[in-house]
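Asks: These are the residues of each chain, in order.
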Amino acid sequence: MSAKGEWTLAVSGVSKRYGGVTAVDGVDISIQPGEIVALIGPNGAGKTTLFNIISGIVRPDRGELYLQGKRVTGLPSWKMAELGVGRTFQNIRLFADLTILENVALARKGTPFSRLRLEDVKDVLSRTGLVDLARQRTGALPYGLRRKVELARALAGQPKLILLDEPTAGMNNAEAGDLVSAVRDLAQGGISVLLIEHSMKVAMGAAHRVVVMSLGKKLVEGTADAIRKDPNVIQAYLGERRAGSINAR
Amino acid sequence: MWKRIRSLPLLWTVVGAAIVLAPSFTRGVGYRTGYFLQLYSLLPIWIAAALSLTMITGYIGEVSLGQGALMGVAAYVSAVLSTRGVPIVISVIAALVMAVIGAMILGFPTLRIRGPYFVVSSMAFNGMFYELALNWLPVTGGPSGISNVPSYALVPFIGQYVPWVVAAICMLAVWYIGQTRLGKSMMAVREDEMAAGAIGLRVAFLKSIAFLISGLVAGLAGVSLVHFVGFVSPEFYSINQSLLLLTMVLLGGARRVEGAVVGCLLMFIVQEVLRPFAEVQLLCYGVVMLLVVQFFPRGLVSLFERQSSQ
Amino acid sequence: MPLWLAAAEAARPAPRVNRILSTHLDGQSLLTASVAAAMVLGVGLLLYRTRWGIALRAVADNRVVAGMMGIDIRTTLPFAFALTAMLGSVAGCLVAPVFFAQFRMGQVILVKAFAAAVIGGLESIPGVFAGGVFLGVMESIVGGYVSSTYKDFFAFALLITVLVLRPMGILGGRRVEKD
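Protein chains in written order, with the working numbering: chain X, 1 to 249; chain D, 1001 to 1310; chain B, 2001 to 2179.
Isolated chain X, as found in the complex (with noise of 0.2 Å):
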């Protein structure tokens, strides 16, 4: 167990509670710099509460939140975001009037009188390939653009951890591996990325380790094949014990 500074986010004994609903009830995870891991579990397990608390969209009940060391609980979402933890939302979030531009280059920091350029955030764009459809607006984009655009605007504020919400939802295979690609080139840049997925194929195939939630709590974590293995994974989603692997969608 390496120092607190060593992770670039610990989160400790974190809990949420909606009214009756225990959404997150004592979670720890940790991640390091430039690993991948896939959070997965049933629907309602509590995973996209935990994005929310991490991103400080939400407060958490209980707990604790480190970022790279640093006590970041309760802090609101725009100062982890200067932080730097970035987010993609499970359904996309964009400001559907200005451009894709506007949308990525307001994600890094400028002065307030200063015009939004193209040459600032060209290196993103064009990492997305984007750089062309610079001036559309969001709004008419097709599905497909409108997650490279969220993607970008993620990546413009130069996180250190980004925190990807079903990024392969709707995607067919071919995209969902060019997405798989990119995942692992940030994460070799050093970022850490902790992802949300329903595609067990996705997040067994890009992930370094596995964690797996189910109502609210964290039922078991670590690599693809001794989670694919765990009685208690196969249980939690399937509701029987089950001889045999989850099947790879």
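Careful, some of the hints might be misleading.
Claimed, not checked - One-sided excerpt, in silico: chain X residues whose CB lies under 10 Å from chain D: (1) Ser15; (2) Ser55; (3) Gly69; (4) Arg71; (5) Asp97; (6) Glu102; (7) Lys109; (8) Thr111; (9) Ser114; (10) Gly139; (11) Glu150; (12) Arg153.
To be clear, the hints were calculated from the coordinates, so they are not data collected in a lab. Glycine residues also receive a C-beta, built at the ideal position from the N, C-alpha and C atoms.
Assemble chains D and B onto chain X, guided by the hints.
Replies: Just chains D and B now, kept in the frame of chain X:
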């Protein structure tokens, strides 16, 4: 189309010249001079007031029915001070400061509530101001207001252009802000507040700035108005004015400066056309609102917009 | 005198003054109070015990899924608005003799009605009733002991305060969504 037009300095020169020469023209022709001059000076004041609403509704995305009160705060403060011997410059500055403070009070609830809740909150704000203006007799003069406020209307040559200068400054300022990072950040808040926070935008701060600027612009409108007509009364700044402003802005287009201008112009024309049918006026405004919301949610200006960037 | 006018005159409650607990109540106030109570009861029953009412609450909660469940959203909402208009006009009739009917009276009442609903809790029927009573009492207290000219001012200020501090009202359950 707008982008092309804006890059034609010729058009703006023509428009500018028309505005400058209009009073002399109508005087020369002798057509209802006094009345026309009144309208001529009121239109830019309304444009400025509408722009204060553009900052809130267009840039931040909240509908406000409190702009009339903001104008009123500035108008009353300046009227009260200048009729008690305070030099005009000081009373105007004091008025603007109070308008900004008022705007911050108006806008504070948006940090916690949105949408229809804020609309009603802004109505309550306007109501508070109206009640205060109506009842605080020693200071505000109650229902009859305050008269004999120093007016620039009679200053030869320059007087009639003052509101236009004020309107031009406000137009330029609001337009410019919309082009900068600050303005775009506000629009991001309008589009999706949660996502805006997630990329590092300080939502509360941006909302406050928007209201601050809105207060300043509404204050300028209020001050221009009171020192033009020479008196204040609570009716001028009641919720009806706020509703009228909202109608103008929705009609023309809330998100762009051009929308405020177009909306005001059209409403002025409609008002004049309907003057013989006073009873129908209010009905028409309501119908206009319904039609606009149904068929032109982005206002008439949206008819000229293309798909690419603002 | 036209027949309908005569009938209306006859139906008007006599201006008797009753002494109840050292306050004065006249016929109009009693009528208004009992109609209000009846309306609250009626709307409550409608929303919680009838199919249509439950359907309406479903639509309010999640329009898309409600539509998928077979609720006709195209008629439900207009009906709800029509009901609102009916209730509003009853209120208007009751209040008109007290407040001097003019075309603009709606605005002040709108804000106060919204205030009553918000204070009590927008999602709760008893809340709305409680809010109305609370607002009325506050207004009278402020009007009597502080200043009667500024009672509307205080009503507005109270509304803004409640909206900022507790948007869900006193009896409201769910937090007001900011999105």
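Asks: Please name the hints from earlier in the document that this structure breaks, with their numbers sorted from lowest to highest.
Replies: Hints 1, 3, 4 contradicted; others consistent.
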